[in-house]
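So the sequences go chain by chain: C and L. Numbers 1 to 259, taken from the working numbering, label the letters of the first sequence in order. Numbers 1001 to 1209, taken from the working numbering, label the letters of the second sequence in order.
FYI, nobody ran anything at the bench for these hints, they're computed from the structure. Some hints could be false.
[To be verified] The calculated lysine-lysine pairs, modelled on DSS-like cross-linking and capped at a C-alpha distance of 27 Å, are:
1. C:K118 x L:K1035
2. L:K1035 x C:K231
3. L:K1007 x L:K1035
4. C:K108 x C:K159
5. L:K1035 x L:K1067
6. L:K1007 x L:K1067
7. L:K1101 x C:K118
8. C:K180 x C:K13
9. C:K181 x C:K149
Okay, here's what each chain looks like letter by letter:
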Amino acid sequence: MLTKRIIPCLDVKEGRTVKGVNFENIRDAGDPVELGSFYAQQGADELVFLDITATNEKRKTLRELVSRVARHINIPFTVGGGISSVEDVVALLQNGADKISVNTSAFKSPQLINELAKEFGSQCVVLAIDTRQEADGNWYVYLNGGRVKTEADCFRWAKEGVDRGAGEILLTSMNHDGTKKGFAVDITLQLASLSVPVIASGGGGTMEHFTDVFRQGKADAALAASIFHYKEIGIPALKQYLQQQGIVVRWESNENFIC
Amino acid sequence: MNIVIIKYNAGNVQSVLYALERMGIAATVTDDHEKIRSADKVIFPGVGEASTAMQYLRERKLDQVLKDLHRPVLGICLGMQLMCAYSEENNTACIGIFEEKVRHFSAAHADVGQPAGEEPLKVPQIGWNNIFHLKTPLFRGVHENSYIYLVHSYYAALGEHTIATAHYGLDFSAALHKENFYGVQFHPEKSAAAGAQVIRNFIELVPAI
Chain C
1 MLTKRIIPCL DVKEGRTVKG VNFENIRDAG DPVELGSFYA QQGADELVFL DITATNEKRK
61 TLRELVSRVA RHINIPFTVG GGISSVEDVV ALLQNGADKI SVNTSAFKSP QLINELAKEF
121 GSQCVVLAID TRQEADGNWY VYLNGGRVKT EADCFRWAKE GVDRGAGEIL LTSMNHDGTK
181 KGFAVDITLQ LASLSVPVIA SGGGGTMEHF TDVFRQGKAD AALAASIFHY KEIGIPALKQ
241 YLQQQGIVVR WESNENFIC
Chain L
1001 MNIVIIKYNA GNVQSVLYAL ERMGIAATVT DDHEKIRSAD KVIFPGVGEA STAMQYLRER
1061 KLDQVLKDLH RPVLGICLGM QLMCAYSEEN NTACIGIFEE KVRHFSAAHA DVGQPAGEEP
1121 LKVPQIGWNN IFHLKTPLFR GVHENSYIYL VHSYYAALGE HTIATAHYGL DFSAALHKEN
1181 FYGVQFHPEK SAAAGAQVIR NFIELVPAI
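Okay, chain L solo, but in the shape it has when bound:
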């Protein structure tokens, strides 16, 4: 199987490569349009800032390449957020595969209000949180309330494409799915056994449309 990891300015791809390596899976890191189009599965990682990343993707027309893919795509963290319509992070128009909007936790927490007697939540959320309402083969074998590792200040709101939910002051999308596109807010490559299962499911179970 031909697995491609998209190379751009906002991704620490090494951890993803090592995670695949532990499963005996080789992957190619590239920004070559043809190689991305011909891949069986595409992983779109991301750690960084939305507007800088989008600008980089647009300059290389990688945003359009991604959007036009028919094979399964897995966005991770910022990768997932960039697949949404819009991010509050520096007011950025994103790729627009998922209609869900990406908001900042602090603003949302202020809207929701802080429960009496509790400490204000720190932003970014850093650490292990549980995911629930799990849907699609991406989460096969992963039980409800499994812990996964997250590092993020922005989140995708719940919407029709939500396939996993997590809670930090409010419920948000821990994963999204639409047609051949999947996105996870957490880092499956750093989420111990549960994360490894998600990656394995993406590689082995998610059907190539």
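Isolated chain C (complex conformation):
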């Protein structure tokens, strides 16, 4: 049976893993290569690497670092941050990325999603959306790492992205990100009606939060950063817990391979 996925995320700035609260107050969380290989060994189902300075400072993702991480992990590897062309993606795939995620550049030129899906296949293209629920109750799309608000509705943009060829949606709720008060179950559930998998991100703080976002939010995968980086929750413990809750995860307690 297809499992629910647990995905640690490395937000990388100037070669270091960092993490903020509500997209601000960023602090250091360690070496991305060490963290990446640690998570792979711990049973993470995928690894996401976001160069969070890329869009803002108009830099290209740190390709050399991507390559170093990729060499050390035997699980799927998604890289995002500042990707705006087919050439950017070619360079990342050549450095060992398996998928790429696009955000601001795709919103500004939606045709980019079509081009990338045609060139590399939908399975390679993750549409990342940062969204915030405003006082009017609606979820708006934000750009540039959460700094620029748009008038676009989150669900409609996600749907357009899928129609254009995105193979997965990485949904981050800015209201929840870094708060450790739980994922945004409602908007995740809305997007779960789309035909592609949805990765819920932002707010995971306890193991119960993961149960909630899988069961009530119908997320296909859940992404978290700080709780894993600061070892508040271990991936093996989380997977064991989810399995006990009846959620199907890749967890083999008696793994007997020759590693």
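Please arrange chain L on chain C, whose structure you already have, making use of the hints.
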């Protein structure tokens, strides 16, 4: 040992190269006919679309080179599908090593019908699923129901060449084997320890005929 990875327009070979590198194995990426023919083991990866890939292979006569190989060949994902007879993906005639046909999940799911009370399955299938009914030395040391990583919208039906089965709405071939040809629908290079074992088995155990 001389390991060759076939270079063509539908493969992200870097992940395969890194997986081999982690095992201390060097490989050559090439589309040179002679180098492919003289390899001890050939890996035929693939991520992409079937008709475009087949056209590319035919233009370079790589389809015939592959079919005529006598040394062990491992097709991965689209590589495995292209080794089948036919793919529903843009109605493509493929290399035809395996007689199994490649179908789209949605069409097949519609045929099978959706179990009551369950959500419609998403296509592509993306993520970790378990494999069972494992046969041949390719799966030695890999236990039944091991989890492997898959990303695909099309699948090879079960057939006489099936050596591993997985389930997504219906049972399908997670791996195929005929003579010196092996194919896996999953990505062993991205399937943690179980995947590494499959690659190691292909390199070390699968006999050169």
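Here's how the hints hold up against the structure:
Between K118 of chain C and K1035 of chain L the CA atoms are separated by roughly 30 Å; this puts the pair beyond 27 Å, and the hint is violated. At most 27 Å may separate the alpha-carbon atoms for a hinted pair to count; K1035 of chain L and K231 of chain C exceed this at roughly 49 Å. At most 27 Å may separate the alpha-carbon atoms for a hinted pair to count; K1007 of chain L and K1035 of chain L meet this at roughly 11 Å. With a C-alpha separation of about 16 Å, the suggested pairing of K108 of chain C with K159 of chain C holds against the 27 Å cut-off.
With a C-alpha separation of about 15 Å, the suggested pair K1035 of chain L and K1067 of chain L falls inside the 27 Å cut-off, and the hint holds. Among the hinted pairs, K1007 of chain L with K1067 of chain L is consistent with the structure: their alpha-carbon atoms are about 16 Å apart, no more than 27 Å. Restraint check: the Cα-Cα separation between K1101 of chain L and K118 of chain C comes to about 24 Å, which is no more than 27 Å; the hinted pair holds. For the hint pairing K180 of chain C with K13 of chain C, the CA-to-CA distance comes to about 22 Å; that is within 27 Å, so the pair holds.
For the hint pairing K181 of chain C with K149 of chain C, the CA-to-CA distance comes to about 23 Å; that is within 27 Å, so the pair holds.
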